[in-house]
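Residue numbers (our numbering), protein chains in the order written: chain A, 1 to 343; chain B, 1001 to 1326.
If you are wondering where the hints come from, they were derived from the structure by calculation, not from laboratory data.
Yeah, the Cβ is synthetic: ideal placement off N, Cα and C, and Gly gets one too.
Please note: incorrect hints may appear among the correct ones.
Beta-carbon label-pair distances, calculated as ranges [claimed, not checked]:
{"no.": "1", "chain 1": "A", "residue 1": "Phe190", "chain 2": "B", "residue 2": "Pro1277", "range": "40 to 50 Å"}
{"no.": "2", "chain 1": "B", "residue 1": "Gly1306", "chain 2": "A", "residue 2": "Gly36", "range": "54 to 64 Å"}
{"no.": "3", "chain 1": "A", "residue 1": "Ser241", "chain 2": "B", "residue 2": "Pro1277", "range": "21 to 31 Å"}
{"no.": "4", "chain 1": "B", "residue 1": "Arg1321", "chain 2": "A", "residue 2": "Glu12", "range": "25 to 35 Å"}
{"no.": "5", "chain 1": "B", "residue 1": "Trp1263", "chain 2": "A", "residue 2": "Phe135", "range": "23 to 33 Å"}
{"no.": "6", "chain 1": "B", "residue 1": "Lys1324", "chain 2": "A", "residue 2": "Gly165", "range": "52 to 62 Å"}
{"no.": "7", "chain 1": "B", "residue 1": "Gly1216", "chain 2": "A", "residue 2": "Val172", "range": "20 to 30 Å"}
{"no.": "8", "chain 1": "A", "residue 1": "Pro41", "chain 2": "B", "residue 2": "Trp1263", "range": "48 to 58 Å"}
{"no.": "9", "chain 1": "A", "residue 1": "Pro10", "chain 2": "B", "residue 2": "Gly1087", "range": "25 to 35 Å"}
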Amino acid sequence: MLPFLENSRPKELLIRVLFITVGVFCLTSLVLLVAGAPPWPAFYHLFVGALGSWSKLAQVLMVWIPLTLCACGLLYSFRIGLWNIGVEGQVVAGAIASTAVLRFGVESGSPSLMIVMAFAGGMLGGSVWAILAGFLKTKGGVNEIFGGLGLNFVAQGITLWLIFGPWKRPGVGSMSGTEVFPEPLWLPTFLSARLSPAGLVLTVLALVVAAWVLNRTRLGLALKGIGSNPKAAYLHGLNPSTYFILAMGLAGGCAGLAGAFQVTGVYHRLIPVISSNYGYLALLVVMLANYRVWGSPWIAFFFACLNVGSIQLPIVLKLDSSLSGIIQGALVLTTLLVYGVRK
Amino acid sequence: MTDLDLTVLLASIVAGAAPIVLAVLGETISEKGGVINLSLDGSILLSAMVAFAIAFQSDNLFLGFAGGALVGAMMAALVGFFSVFLGQSQVAVGFVLTLTARDLAYFLGNPYARLYGPQAGVNPIPWLQDVPVLGPIFLHQSVPAYLSLLLIPFAWWYLYKTPMGLRLRAIGEHPEAAYARGTNTRAIQFWYTVVGGLLVGLAGATFSLCTKTGWGRPQGAEGTGWIALAIVIFGGWHPVKAALGAYLFAFLQIMGIHFQGWWPSVPAQVFQVAPFPLMIFTLIVMYLAQKGSTRTSSRGSPWLRGAVRILSGSAPAGLGRSFKPE
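Chain B on its own, in the form it takes in the complex (with noise of 0.2 Å):
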């Protein structure tokens, strides 16, 4: 228990984090356009229920996957219609939905507990997996796995290098210039939301068909809602530092697991509460690397300054607001 392979460990935090990086990069995209989905735990239980339920009952994952990226994408429609076209609270309408999901997920999902359902494994690509480091750690995984690997330099792409991403971050960055400009802003939140709450149906699908297989009350991807929406705060809203984010949270929840066996008095849901705390201290930490002060006090320090320029990021001018053109 207490040598680890790194290779092995590596591969482990790709295959762990697959389902968080998807809901990470579906959440950095709604509120790139200005909208928070806080309705993503609830979407993960409810979609991976819908995932599990179908996948088993018609034999086929690829089914199972679709329903579950429909489910996380109502959800977000739902999100997106209240807070975008009829004005209310973005927050109350996701926690209201979160809890509700979280609920239907149980409530629906009762004849399809503890049962054992088909599992998406590992797909190895051909000939490259031989490839030395590279291939175990990237190229011996699973289906959704891959999905997530390869959405992260797509999602940067799409953002930062596309007339279509710029015209997203417009919106969530000043709803009313990009409205002036001839933009539909309402229509065009409201599709990222619905586009974003995919990948978030998607990660509740990995969560029960691949990384955590089965369902049941608890399913074990409780609380992960919370982290990814956390995560994306920590990534500065940029997705490649998110998706760094969620990497670095499985392998804190990895680190859990073994040090669990080094003090086994300690219950295991301590353990499984560690990387909340950790969470909030690295905002802290990003908080004060954005202060001005810490700034100019960093800039004798190349390590510093590196750290601080690393941590930094801000959030779309216009997050939470809803823009309601006249």
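Chain A extracted, bound-state conformation (with noise of 0.2 Å):
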């Protein structure tokens, strides 16, 4: 859970909570004032924005499902202390993969097929754009931050070239993105409500399997032992190097899927911001969560609400909405503090 929940008793924490909640509070009030806007006003529209009726809850699942898939991927390569910032290209690669399965199979018999191999394609996308990060590390000597930016930026770009060159629309390619698929070949929700069964389904078998992974075998203690000293595990015969290449394999391949499943259930087609900044927003859940698995699909799940909620915000009260980002940041920044200044 989160890190000052830990190790203490009751009263301090609450008063650790209520620090932190008030510490939120107030920064964000102090940026809407700056902004010239009402500050209970956008806290009223960000909640009811969110979980003001049963669609909006929908809505809400539907953004934490890739959050929490980024969030699954980025527990194994916390676990071995790397910064996988380039999850966001692992996403991106993940979706340009599972359009390519798509997009092979507009003709095929079997679309329920087509979708399970879309995902099996997004896996195998991420995976190898983080392998990739992974050797440039291990062989190059590149330091994974850099590295993983620079795969982002490679893959954006590819995006992009995809969209406009080879994959654009019949007649002249658009921001909007590629063709949209036909309706088969899209994820099934449930009922009238955009919601994908399948999709919480495959989140909740990624957080039992990384809890499972990372906490119960071999290779969890591996990544743990190598994470909070590499020296001492190369002594113990474990090669860092194979490890840091496997553990960037299983969070590429978590990244992937969330890539896939925005082509398959949410966008239906490529779009140049496939990964709707996930990845990175992933990297604060799991830091938040001190990174452990079961403290992160409730952040995962709250931060999610407010990306969902702050969409309405530019309409009802014409404020751009980064508002979000802005509470997201502050909230980490003042844990930060309170768990700093109790060290």
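Since each chain sits alone in its own frame, please combine them into the complex, following the hints.
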């Protein structure tokens, strides 16, 4: 759970949670006042915009799915001590790979098989992109932060090239993306609400697998050992380079699933901003969850609420929707402050 | 489009690289003291927005630049406070700040988007601008470009030729030893991080008031902060080499625009990302240049040996580590 929730008495804990909540409220209100907007209506519309109706809740869960999948991936890479900033590009690579599968499968007779293949393709695409960053670190001496960032921009460039080049819509390519897939190739949704049960099951499954691998297996122990002391782990006969690649592959696989979900379940095509920044956001989620498995889905849910709630801010209050990002950042900063002061 | 006037090209490189040089020098200074300021990308955007907003409201360019510098310094102060005094991970704090500052810039800058504001134009140096070749390249520039040119030798002199620079490098290499010699390591790390942030803020202001004028979403400076961080490594933590890296990057960006003229079918965005893989490639070359086996095998050829020597450089040994004096 949250870092400050550990090893503390209930009273201390209450004080910390209170401090963080008040801190985030004050910081956000300050920003809103600077922008000349009344804080209360903004908070109200954020809340109603996220949880005001069942269809809003469904929308929140549709954001929660890719965000949690990315967070699952990051749990592996953080456990071994890698800062996988390349997660954003891994989502994009997964989306590209699953679009490629679906384009190939438009003619096929079995759409449900093609959707499964699209997810497998996405997983593979994300893994390849992550392993590339891993090899850049182990063989090329490029820090994973810079290798990952560079690959993020490359993945973005490839997406744009595909949308405007080989995969462009009949006629002329545009920023609205590739042509929409026929409906049988969409991930099935629950009744009229745009919520995919398959996506939810997949995400919960990814969480359970992450928890099992990281806490119950030899592999998880090896990742933890290398993460806390690579030299000691090496003397124990573990080769950090091999495990770096393995952890990156697992992380990229999860991020690739998120990309495949964005293509099959949300946009039904490839668009320039297919990753919706969920990779970067997932880094904050996992940091706030103190790199633990079971804290992540709750924080991801809260972050998804903020994201969905802020969508209507420009219409209702004429405010930019980036308010959600400010609240999320303020939350992580305040938590770091409280935790740092305690240390 | 195809024939390039060399003088014009060089002058536009000096102008286009000005903000990157400022950011790279700022980051080099704080990393020399052992603090990575990863908030660069967001800091640049936020200071660009604030600088534009202030200059727009007051119609005063100087106030705009001052405001931008102040924002950069404040962001760096946050990084310094969290990492040096609270002992939190520099990467974590910097990353959160970079995302938050970007969102803050978009949120608060919304009313200033797509407005026409004051711009820092070209201020040629009287008489000297007529010097052939050098004049048009170096002396027919804007004030921030002059500042960037002057700061390169100054940063080198300060870091390598003064007692203050020596003390800063000592802290970056071995904070424990510097502390044992009676240096107040925390205060010095903090204040040099702030000074570095000041330059980053100036870089942001230079974007919105001089090279990519105006504010918008996107502004056009997105991603430069990350590039600047990579250039610091590329320059081997040496201010002059890092500045040369910034000029190389500006050259690549300008060439990207020309390549686009040659292949109009390829979308512009593809050329915009081209410098990033090149940067990764140079980082690999640098790593190989530092490996012992490459050094021995290059001994035979003076060309290779020279290239290896130029490309090598090592990080301050205490970089990224928070040191807590007992």
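Would you say the C-beta atoms of A:Ser241 and B:Pro1277 sit inside 21 to 31 Å of each other?
-> 23 Å, holds
Status of the given 20 to 30 Å range, CB of A:Val172 versus CB of B:Gly1216 | 25 Å, holds
Is the distance from the Cβ of B:Arg1321 to the Cβ of A:Glu12 consistent with 25 to 35 Å?
-> 29 Å, holds
Has the hinted range 52 to 62 Å been met by the Cβ atoms of B:Lys1324 and A:Gly165?
-> At 54 Å between Cβs, range holds.
Take the C-beta atom of A:Pro10 and the C-beta atom of B:Gly1087, compute their distance, and say whether it sits inside 25 to 35 Å.
-> 26 Å, holds
Given the range 48 to 58 Å, decide if the beta-carbon distance of A:Pro41 to B:Trp1263 lies inside it.
-> 50 Å, holds
May I ask you to test the hint 54 to 64 Å on the CB atoms belonging to B:Gly1306 and A:Gly36?
-> Distance hint for B:Gly1306, A:Gly36 holds at roughly 59 Å.
Whether the CB-CB distance between A:Phe190 and B:Pro1277 falls inside 40 to 50 Å = Cβ of A:Phe190 to Cβ of B:Pro1277: about 42 Å, so the range 40 to 50 Å holds.
Distance restraint hint 23 to 33 Å, applied to the beta-carbon atoms of B:Trp1263 and A:Phe135 | 30 Å, holds
Hint check: no violations occur; every hint is consistent with the structure.
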